[in-house]
Amino acid sequence: MGVGLSLHSYLGKVWAIIVKDVVAEFRTREMISAMLVFSVLALLIFSFALDLRGAMARAAAPGVLWATVAFSGTLGLSRSLAREQQNGCIDGLLLAPMDRSAIFFGKALGNLAFMVVVEIMLLPLFSALFNVPLLRIGVLGVTALGTTGYAAVGTLLAAIAVNTRAREVMLPVLLLPLVVPLLIAAVKTTGGLIEGGTLAELGGWVRLLVAYDLIIVAVSMLTFGYVVEE
Amino acid sequence: MKRSGQDWWGIALAVLSGAAIVIALTMVFVYAPREATMGDVQRIFYFHVSSAWVGFLAFFVTFLAGIGYLARRERRWDIVAVSSVEIGVTFITMAIITGSLWARPAWGTYWTWEPRLTISAVQLLIYVSYVMLRAAIEGPERRARFAAVYGIVAFVTVPLSWFAIRWWRTIHPDVLTSGEGMALTSRMVQTLLFSVGAFTLLYVTLLRQRIRLEQATDVLLYLRARIRDL
Chain A
748 MGVGLSLHSY
758 LGKVWAIIVK
768 DVVAEFRTRE
778 MISAMLVFSV
788 LALLIFSFAL
798 DLRGAMARAA
808 APGVLWATVA
818 FSGTLGLSRS
828 LAREQQNGCI
838 DGLLLAPMDR
848 SAIFFGKALG
858 NLAFMVVVEI
868 MLLPLFSALF
878 NVPLLRIGVL
888 GVTALGTTGY
898 AAVGTLLAAI
908 AVNTRAREVM
918 LPVLLLPLVV
928 PLLIAAVKTT
938 GGLIEGGTLA
948 ELGGWVRLLV
958 AYDLIIVAVS
968 MLTFGYVVEE
Chain B
1367 MKRSGQDWWG
1377 IALAVLSGAA
1387 IVIALTMVFV
1397 YAPREATMGD
1407 VQRIFYFHVS
1417 SAWVGFLAFF
1427 VTFLAGIGYL
1437 ARRERRWDIV
1447 AVSSVEIGVT
1457 FITMAIITGS
1467 LWARPAWGTY
1477 WTWEPRLTIS
1487 AVQLLIYVSY
1497 VMLRAAIEGP
1507 ERRARFAAVY
1517 GIVAFVTVPL
1527 SWFAIRWWRT
1537 IHPDVLTSGE
1547 GMALTSRMVQ
1557 TLLFSVGAFT
1567 LLYVTLLRQR
1577 IRLEQATDVL
1587 LYLRARIRDL
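Chains as they are written, first to last, in the working numbering: chain A, 748 to 977; chain B, 1367 to 1596.
Wrong hints could be hidden among the right ones.
If you want a taste of the chain B side facing chain A, the calculated C-beta under 7 Å gives, among others [claimed, not checked]:
#1 Leu-1436
#2 Thr-1484
#3 Val-1488
#4 Leu-1491
#5 Ile-1492
#6 Ala-1502
#7 Ile-1503
#8 Arg-1511
#9 Val-1522
#10 Thr-1523
#11 Val-1524
#12 Leu-1526
Hints listed in this document are in silico derivations from the structure and should not be mistaken for laboratory results. Here a beta-carbon is modelled for each residue, glycine too, at the ideal position from N, C-alpha and C.
Looking at chain A on its own, in the form it has when it is part of the complex (with noise of 0.2 Å):
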């Protein structure tokens, strides 16, 4: 019983957070609306210097897709952490009686909700314009998972990035050396699945993929603490 309760009033600190970022993007909606014209953009870019079309589209679509995912999803997270330190929200956080994990899965299931909507968004674009098949369940869920683990490791790291002299520009550099397995699974991934292989196929890479979100969910947890204790 106090252990559910516990629990309950746990779950209810994240939900507060979540709820709080996501109320703040509705009104503001600067940072939605820059990953997503950001990923446009980056498409338009990519079609251009890949010539997208047909076999090639093909063929480079889980590629193009997840760099434009990763790209843009480094902009949120820097907007996302840089939000909490300008006026001081995260010192408010930081007093309220409760555990600084509960921060972080407040702010990372966030910026994990403001990535998917973006993904939203964006797969059935790049679907239409490039003509591949995305919109399947497996690409779904492998989408998820690479977004998953990214987002936590992301959430992590731009919180030490927004306390640094170079801040925006340290992210990209902290965090795309660390999510290279994760990309290079999620690319895989999405590659076999778009060839019409199944789940059960890229076995190998679902579980690397799983592998990588559970190690860094738990690592990026234990030590989010140590980086706002201030």
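Following the hints, position chain B against chain A.
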């Protein structure tokens, strides 16, 4: 403050590692037999493997020192972390350069996306980011704390990167696999093991000197602050 006398341990370590490197060089060029298919160029292999080993060892030490710092909050753990990471970056760079020099005559190209070479490059980028992160943070306590967190998260991704990059390449098997069948004679194995040992000794020597340098910097900063206060 202790008067700086002769650092006998440092001198002994330097002489020992110098001698070990000379012996290792002799073994590489005289004792080890000429490799049948690749010829003399294969001799770079001994120092190549040793450099890569020291690189990964150094990053592992930084990982442990990061955990030590977060647990104890003592400056000496951070000194070990920063000292080890700089040596690691140097040696992993040497591993990549020797790998390229070897790849040119063996495979006809300076760079191949061979798994071990690729993962070394990813590690190099991660720890160059680590050094950049340290440079961008004000305040020694915060710098130590953030660097410890990044060192831990970064090292956790190493095994994941390893799996991802290995599978990424084996799905498109290329000619490189033929080079893997290099049969090592017992003299070659002895030379390799001795080189790895010599490089490890060199690592310990360098780490000790680098730690002393960092300590001397701390003392200097402390004295400077005291003079200013007079």
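Here is how each hint holds up against the structure:
no. : hint     : verdict
1   : Leu-1436 : 6 Å, holds
2   : Thr-1484 : 9 Å, violated
3   : Val-1488 : 5 Å, holds
4   : Leu-1491 : 5 Å, holds
5   : Ile-1492 : 4 Å, holds
6   : Ala-1502 : 4 Å, holds
7   : Ile-1503 : 5 Å, holds
8   : Arg-1511 : 6 Å, holds
9   : Val-1522 : 5 Å, holds
10  : Thr-1523 : 5 Å, holds
11  : Val-1524 : 9 Å, violated
12  : Leu-1526 : 4 Å, holds
Violated hints, in rising order: 2, 11; the structure is consistent with all others.
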